[in-house]
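Just so you know, the sequences run in chain order A and B. Per our numbering, the very first residue in the first sequence carries number 1; after that it's consecutive. Per our numbering, the very first residue in the second sequence carries number 1001; after that it's consecutive.
Don't read these hints as lab results, they were simulated from the structure. The beta carbon of each residue, even a glycine, is placed where N, CA and C say it ideally should be. Hints are not guaranteed to be accurate.
Pair by pair, the computed Cβ-Cβ distance ranges are [to be verified]:
(1) Pro1099(B) - Glu232(A): 52 to 62 Å
(2) Thr1030(B) - Ser85(A): 23 to 33 Å
(3) Gly246(A) - Glu1088(B): 52 to 62 Å
(4) Tyr230(A) - Val1029(B): 53 to 63 Å
(5) Ala90(A) - Glu1028(B): 18 to 28 Å
(6) Met133(A) - Glu1137(B): 43 to 53 Å
(7) Lys158(A) - Leu1023(B): 52 to 62 Å
(8) Arg1022(B) - Glu87(A): 43 to 53 Å
(9) Gly1061(B) - Asp155(A): 28 to 38 Å
(10) Gly246(A) - Val1029(B): 42 to 52 Å
(11) Asn1002(B) - Ala41(A): 42 to 52 Å
With a straight-line cut-off of 25 Å between C-alpha atoms, the simulated SDA-like cross-links for lysine to any residue are [what the hints assert, rightly or not]:
(12) Lys1128(B) - Lys58(A)
(13) Lys1115(B) - Ala189(A)
(14) Lys218(A) - Lys1007(B)
(15) Lys1007(B) - Thr63(A)
(16) Lys1035(B) - Asp94(A)
(17) Lys1128(B) - Asp109(A)
(18) Lys1115(B) - Val18(A)
(19) Lys1007(B) - Ala3(A)
(20) Lys1111(B) - Asp94(A)
(21) Lys158(A) - Phe1105(B)
(22) Lys158(A) - Arg1014(B)
(23) Lys215(A) - Ile1162(B)
(24) Lys158(A) - Asn1107(B)
(25) Lys218(A) - Glu1109(B)
(26) Lys218(A) - Leu1163(B)
(27) Lys1007(B) - Arg243(A)
(28) Lys58(A) - Lys1104(B)
(29) Lys1111(B) - Lys240(A)
(30) Lys1115(B) - Glu87(A)
(31) Lys1007(B) - Arg152(A)
(32) Lys115(A) - Gly1146(B)
(33) Lys1115(B) - Lys60(A)
(34) Lys240(A) - Lys1007(B)
(35) Lys1111(B) - Val29(A)
(36) Lys240(A) - Asn1110(B)
(37) Lys218(A) - Arg1022(B)
(38) Lys1007(B) - Lys58(A)
(39) Lys215(A) - Arg1114(B)
(40) Lys60(A) - Glu1021(B)
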Amino acid sequence: MLAKRIIPCLDVKDGKTVKGINFENITDVGDPVALAALYAAQGADELVFLDITATHEKRKTMTELVRRVAHQVNIPFTVGGGIGSEEDVAALLDNGADKISVNTAAFRDPGLIGKLARSFGSQCVVLAVDTKMENGEWYVYLNGGRQATNARTLDWVKQAVDLGAGEILLTSMNNDGTKNGFALGITRAVSEAVHVPVIASGGAGTVQHFIDAFKEGKADAALAASIFHYKEIPIPELKKQIRAAGIVVR
Amino acid sequence: MNTVIIKYNAGNIRSVLFALERLGVEAEVTDDPEKIRHASHVIFPGVGEASSAMRYLHEHGLAEVIRKLKQPVLGICLGMQLLCDSSEEGETACLGIFPQRVLKFRNEENKERRKIPQMGWNTIAGLKGPLFEGLDENEYVYFVHGYYAELSAYTTAQTNFILGYSAALQKDNFYAVQFHPEKSGAAGERILRNFLRI
């Protein structure tokens, strides 16, 4: 049976991991490649690299990083952060990324999703959505959550999937960083509204939160950053407990 | 030993090259028929669309080259599907090594409303042949696909997703896997190593 996926997310700035504390097994926790290889060895199912670099050198540092990851990591990985053109995507895929995620640029120009799906296949086009609930309704936010829009999250994800997005990475800004659990309601609503996999993101703090994301949120995968970087829940232990709850994981 | 990876208009080819590098194996990515004919092992990978891939293979004289290979050949994902008789994707006539058709996962059979394409880790069972030596039944490997080859006399591994289908096929020197060994962690590395040992 197809397993639910556990996905550590690595924030990368100027080619270095932003968050994280020391692990016994690696000497440089700031090196995304070393951290990625460690997570892969521990049983992570996929990895997401989110580039938060703001400089002109961005594309070059990221393609170099992608190439190093692709050489050393034996599981699939997605790269996101500021991707806005077919050329950006071609460079990342050519260097070994399995998927890319688009966010703000896709919202401003939805045609980009179709272009990417036709050129590279829907399977590698992930739509990342930052969402926030206001007055009982979930809205799309852009630019890393700094800019509000009037678009309802459910409307946008449905449109994006129609255009060719192959997967949804849904981050709840209300939950992100709280460690109080994923936003189950909107995750479930998105998962039931589209026929592509949905990755729940934002709010993971305990093993039960992952179980809830899969059972109640109907997520196909769950993403987290700090609980892994700060060694709060080791991946093997997380998977053991999820399995004990009757959920299929690798 | 010299291993070649067939270069054509399908994605994901470099991932296979990198995976071999991790195993300490140097391979060449090439569309040169002479180099492909004289390789000890040929890997035929790919992520893409069947009809445009077959058109490219014909235009570059690679279809005939692949059909006549006598050394171990490993088709991966789209590569496996192209080794079958035909594919429902674009109603495409393929290479015809495996006498069977590639079909689309259908929504009407999808009672549990699984997401299509299948994307992620699933188990392989009924493992047969040298490719799976040393692997346990129900090992997890990584899949990304919306089309599948049915179970047949050539099935050497099967997976269940909506229905049971061929996760691997073998006929003579032709081996094929629907999943991505190059992205399937330690299990995938074992399968690639097993292939290179044939």
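Status of each hint after checking the structure:
Distance hint check: the CB atoms of Pro1099(B) and Glu232(A) are about 54 Å apart, consistent with the given range 52 to 62 Å. In this structure the supplied range 23 to 33 Å holds for Thr1030(B) paired with Ser85(A), their Cβ-Cβ distance being about 30 Å. Our hint of 52 to 62 Å for Gly246(A) and Glu1088(B) is violated, since their Cβ atoms are close to 35 Å apart. A C-beta distance of roughly 41 Å is found between Tyr230(A) and Val1029(B), which places it outside the suggested range of 53 to 63 Å.
The hinted window of 18 to 28 Å between Ala90(A) and Glu1028(B) holds, with their beta carbons roughly 22 Å apart. For Met133(A) and Glu1137(B), the hinted distance range of 43 to 53 Å is satisfied, since their beta carbons lie about 45 Å from each other. Between Lys158(A) and Leu1023(B) the beta carbons are some 43 Å apart, a value that contradicts the proposed interval 52 to 62 Å. The hinted window of 43 to 53 Å between Arg1022(B) and Glu87(A) is violated, with their beta carbons roughly 28 Å apart.
Range check, Gly1061(B) to Asp155(A): Cβ separation about 49 Å, and the 28 to 38 Å hint is violated. Range check, Gly246(A) to Val1029(B): about 44 Å between beta-carbon atoms, so the 42 to 52 Å window is met. Range check, Asn1002(B) to Ala41(A): Cβ separation about 30 Å, and the 42 to 52 Å hint is violated. Between the alpha carbons of Lys1128(B) and Lys58(A) the distance comes to roughly 47 Å, so the proposed pair goes past 25 Å and is violated.
Between Lys1115(B) and Ala189(A) the CA atoms are separated by roughly 15 Å; this keeps the pair inside 25 Å, and the hint holds. For the hint linking Lys218(A) to Lys1007(B), the alpha-carbon distance of about 39 Å lies beyond 25 Å, and the restraint is violated. Proposed proximity of Lys1007(B) and Thr63(A) is supported: the alpha carbons are some 22 Å apart, at most 25 Å. Between the alpha carbons of Lys1035(B) and Asp94(A) the distance comes to roughly 23 Å, so the proposed pair stays at or under 25 Å and holds.
For a cut-off of 25 Å, the pair hint linking Lys1128(B) to Asp109(A) is broken: about 49 Å separates their Cα positions. Among the hinted pairs, Lys1115(B) with Val18(A) is inconsistent with the structure: their alpha-carbon atoms are about 33 Å apart, more than 25 Å. With a CA separation close to 32 Å, the supplied pair Lys1007(B) and Ala3(A) exceeds the 25 Å bound. For the given pair, Lys1111(B) sits about 37 Å from Asp94(A) by alpha-carbon distance, which is inconsistent with the 25 Å threshold.
Under the criterion of a C-alpha separation no larger than 25 Å, the hint pairing Lys158(A) with Phe1105(B) is consistent with the structure, at around 21 Å. Note on Lys158(A) and Arg1014(B): the hinted pairing is violated, with a Cα-Cα distance of about 32 Å set against a maximum of 25 Å. Between Lys215(A) and Ile1162(B) the alpha-carbon distance is near 20 Å, which keeps this suggested pair within the 25 Å criterion. Restraint check for Lys158(A) and Asn1107(B): the C-alpha separation of about 18 Å stays at or below 25 Å, so the hint holds.
Proximity of Lys218(A) to Glu1109(B) is assessed by CA-CA distance (about 21 Å); at most 25 Å being required, the pair is judged to hold. Only pairs whose Cα atoms come within 25 Å are accepted, and Lys218(A) paired with Leu1163(B) is accepted, the gap being roughly 21 Å. This hinted pair does not check out: Lys1007(B) and Arg243(A) have alpha carbons roughly 41 Å apart, beyond 25 Å. Under the criterion of a C-alpha separation no larger than 25 Å, the hint pairing Lys58(A) with Lys1104(B) is inconsistent with the structure, at around 40 Å.
With a C-alpha separation of about 29 Å, the suggested pairing of Lys1111(B) with Lys240(A) is violated against the 25 Å cut-off. Distance hint between Lys1115(B) and Glu87(A) is unfulfilled; the C-alpha atoms sit about 29 Å from each other, more than 25 Å. The suggested pairing of Lys1007(B) with Arg152(A) is violated, with an alpha-carbon distance near 43 Å, which exceeds 25 Å. Between Lys115(A) and Gly1146(B), the direct Cα distance comes to roughly 20 Å. Compliance with the 25 Å bound is thereby established for this hinted pair.
Between Lys1115(B) and Lys60(A) the alpha-carbon distance is near 35 Å, which puts this suggested pair outside the 25 Å criterion. About 41 Å separates the Cα atoms of Lys240(A) and Lys1007(B), which puts this hinted pair outside 25 Å; it is violated. Proposed proximity of Lys1111(B) and Val29(A) is contradicted: the alpha carbons are some 45 Å apart, above 25 Å. Under the criterion of a C-alpha separation no larger than 25 Å, the hint pairing Lys240(A) with Asn1110(B) is inconsistent with the structure, at around 29 Å.
For the hint linking Lys218(A) to Arg1022(B), the alpha-carbon distance of about 36 Å lies beyond 25 Å, and the restraint is violated. At roughly 30 Å between alpha-carbon atoms, Lys1007(B) and Lys58(A) are farther apart than 25 Å, so this suggested pair is violated. Pair hint Lys215(A) plus Arg1114(B) holds up; C-alpha atoms about 15 Å apart against a cutoff of 25 Å. Proximity of Lys60(A) to Glu1021(B) is assessed by CA-CA distance (about 23 Å); at most 25 Å being required, the pair is judged to hold.
Taken one by one, the earlier hints fail for this structure at numbers 3, 4, 7, 8, 9, 11, 12, 14, 17, 18, 19, 20, 22, 27, 28, 29, 30, 31, 33, 34, 35, 36, 37, 38, listed in ascending order.
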